[in-house]
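Enquirer: Same order as they appear, the protein sequences are chains A and B. Position in the first sequence (first residue = 1) + 13 = our numbering. Position in the second sequence (first residue = 1) + 13 = our numbering.
Please note: incorrect hints may appear among the correct ones.
The calculated DSS-like cross-link candidates involving lysine-lysine, where the alpha carbons are at most 25 Å apart (straight line), are [claimed, not checked]:
(1) LYS27(B) x LYS136(B)
(2) LYS168(B) x LYS27(A)
(3) LYS93(B) x LYS168(B)
(4) LYS15(B) x LYS168(A)
(5) LYS168(B) x LYS136(A)
(6) LYS41(B) x LYS15(B)
(7) LYS15(B) x LYS93(B)
(8) LYS36(A) x LYS27(B)
(9) LYS27(A) x LYS123(A)
(10) LYS168(A) x LYS16(B)
(11) LYS168(B) x LYS16(A)
(12) LYS123(B) x LYS15(B)
(13) LYS15(A) x LYS136(A)
(14) LYS136(A) x LYS136(B)
(15) LYS87(B) x LYS168(A)
(16) LYS95(B) x LYS15(B)
(17) LYS127(B) x LYS87(B)
(18) LYS41(A) x LYS127(A)
(19) LYS93(B) x LYS136(B)
(20) LYS36(A) x LYS168(B)
(21) LYS168(A) x LYS95(B)
(22) LYS27(B) x LYS27(A)
(23) LYS27(A) x LYS16(A)
(24) LYS15(A) x LYS168(B)
(25) LYS168(B) x LYS15(B)
(26) LYS93(B) x LYS168(A)
(27) LYS87(B) x LYS136(B)
(28) LYS36(A) x LYS15(A)
(29) LYS27(B) x LYS123(B)
Partner residues aside, some chain A positions facing chain B, computed with beta carbon under 7 Å [what the hints assert, rightly or not]:
(30) GLN32
(31) ILE33
(32) GLY34
(33) PHE37
(34) GLY109
(35) LYS168
(36) ALA170
(37) ALA171
(38) SER174
(39) GLY175
(40) GLU177
Please keep in mind that the hints were generated in silico from the structure rather than gathered at the bench. From the three backbone atoms N, C-alpha and C, an ideal C-beta is built for every residue, glycine too.
Number of protein chains: 2
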Amino acid sequence: MKKIILASGSPRRKELLEQIGVKFEIQKAEGEERITSVVPEEVVKELSMQKAEEVAWRCDGDLIIGADTVVAVKGQILGKPKDKEDALRMLRLLQGTEHQVITGVTVLLKETGKMVSFAEVTKVHVYPMTEEQMERYIDTGEPMDKAGAYGIQGKFAAYVSGIEGDYNNVVGLPVGRLYQEVLNAGIDLRNYT
Amino acid sequence: MKKIILASGSPRRKELLEQIGVKFEIQKAEGEERITSVVPEEVVKELSMQKAEEVAWRCDGDLIIGADTVVAVKGQILGKPKDKEDALRMLRLLQGTEHQVITGVTVLLKETGKMVSFAEVTKVHVYPMTEEQMERYIDTGEPMDKAGAYGIQGKFAAYVSGIEGDYNNVVGLPVGRLYQEVLNAGIDLRNYT
Chain A
14 MKKIILASGS PRRKELLEQI GVKFEIQKAE GEERITSVVP EEVVKELSMQ
64 KAEEVAWRCD GDLIIGADTV VAVKGQILGK PKDKEDALRM LRLLQGTEHQ
114 VITGVTVLLK ETGKMVSFAE VTKVHVYPMT EEQMERYIDT GEPMDKAGAY
164 GIQGKFAAYV SGIEGDYNNV VGLPVGRLYQ EVLNAGIDLR NYT
Chain B
14 MKKIILASGS PRRKELLEQI GVKFEIQKAE GEERITSVVP EEVVKELSMQ
64 KAEEVAWRCD GDLIIGADTV VAVKGQILGK PKDKEDALRM LRLLQGTEHQ
114 VITGVTVLLK ETGKMVSFAE VTKVHVYPMT EEQMERYIDT GEPMDKAGAY
164 GIQGKFAAYV SGIEGDYNNV VGLPVGRLYQ EVLNAGIDLR NYT
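If we strip away everything but chain A, and leave its shape as in the complex, we get:
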């Protein structure tokens, strides 16, 4: 019996993987993040690989999935906000313009030593927001555990005019590409037992 491990504590990633019908267990990666690049695509691939590797050696899974998401806007990389003020700083950067959400995904196959790793980029267009709208949104509590200080799958939907790319990538896991890339490597994630 083969076992899939998701190396992430994010409830949104869990939901997305369940949504496409994959059976898996969760082992949250705890380690410190070591970033050696400033290119968002490279940063998230590195971090997703670190998460997968940290969990891989200490768990009994056969296939380990790591993921990391950042927001890139005006030459800055945004992770999760530190506090309400930081969230407001981020929303001011995002409102009335477009930004990129980048998720890195690494899949480790213990049996063969193979690895699948990629970064998926989605462009998001945000309507102009007033200071009051941003403050009201922060008061909902939604921004605090999310890269870029917003959840597209939550109340922030009222301020998104459109995207270019994969929506689930913005939520935190590009399950379409993940499923297809692993399928190309010879494994159907939905039958991997």
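For chain A, the structure is supplied; the task is to place chain B on it using the hints.
Expert: Below, chain B alone, put in the same frame as chain A:
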């Protein structure tokens, strides 16, 4: 006390409107659909208006929202599939290529007699699918109550590489544009009580 009515029985539209924090009641439109145009944008605007109007005169709501969604691909307009065979026909048209999802929305304001009506278009890119994948997908039961025979928010996410436009429009209600258009008409849907 003002009352918002959603003139749709779709559980997905209900969820989306709740997601952005709007309080409303549901009154499903029952009437026959009368289509007088072959342009998808016009068709969905007409149908959304018919739904809103049908409900408007017989309910005690102050603001009534109607919506209708279709899929357009290769010169054809796809509604909900009639049966499994029809769903397979639709998925064959959609796999390996791109199509458009068009949702028409009409908002009626009883007090002022004003109306907001628009059609939102989103392009969806679908990965190539084998006959077996399409049949397996139909067997999940997901396609049967959905325009174009798929649910992007369900297992079909494994077959979507990306979109251009509003994701929620594909699910059935472009809540971002709906919220903003009504806001431009002077009403904040989240404070409309």
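Enquirer: Given the hinted pair LYS87(B) and LYS168(A), is their Cα-Cα distance within 25 Å?
Expert: 35 Å, violated
Enquirer: LYS41(A) and LYS127(A) were given as a pair; does the straight-line alpha-carbon distance stay at or below 25 Å?
Expert: 21 Å, holds
Enquirer: Under 7 Å, Cβ to Cβ, is where ILE33(A) needs to be relative to chain B, so tell me if that hint holds or is violated.
Expert: Cβ of ILE33(A) sits 4 Å from chain B, so the hint holds.
Enquirer: Was the hint right that PHE37(A) lines chain B, CB cutoff 7 Å?
Expert: Constraint on PHE37(A) not satisfied, violated at 14 Å.
Enquirer: For the restraint on GLY175(A), tell me whether the closest CB of chain B is nearer than 7 Å.
Expert: 5 Å, holds
Enquirer: Can you confirm whether the C-alpha distance between LYS27(B) and LYS27(A) stays at or below 25 Å?
Expert: The given pair, whose Cα atoms are some 23 Å apart, holds under the 25 Å limit.
Enquirer: Does the nearest C-beta of chain B fall within a distance shorter than 7 Å of the C-beta of GLY109(A)?
Expert: 12 Å, violated
Enquirer: With chain B as the partner, please determine if GLU177(A) meets the hint condition of a C-beta pair closer than 7 Å.
Expert: Result: holds, 5 Å to nearest chain B Cβ.
Enquirer: Within 25 Å, alpha carbon to alpha carbon, are LYS87(B) and LYS136(B)?
Expert: The hint holds at about 13 Å.
Enquirer: Would you check the hint for LYS41(B) and LYS15(B), treating anything up to 25 Å between C-alpha atoms as holding?
Expert: Within the cut-off at roughly 19 Å; holds.
Enquirer: Min Cβ distance, SER174(A) to chain B: is it shorter than 7 Å?
Expert: 6 Å, holds
Enquirer: So if I understand the rule, the pair passes when the alpha-carbon distance is 25 Å or less; does LYS168(B) with LYS16(A) pass?
Expert: Holds. LYS168(B) to LYS16(A) sits at ~20 Å (cutoff 25 Å).
Violation of the numbered hints given earlier is confined to hints 7, 8, 13, 15, 16, 17, 21, 25, 26, 33 and 34; the remaining hints are satisfied by the structure.
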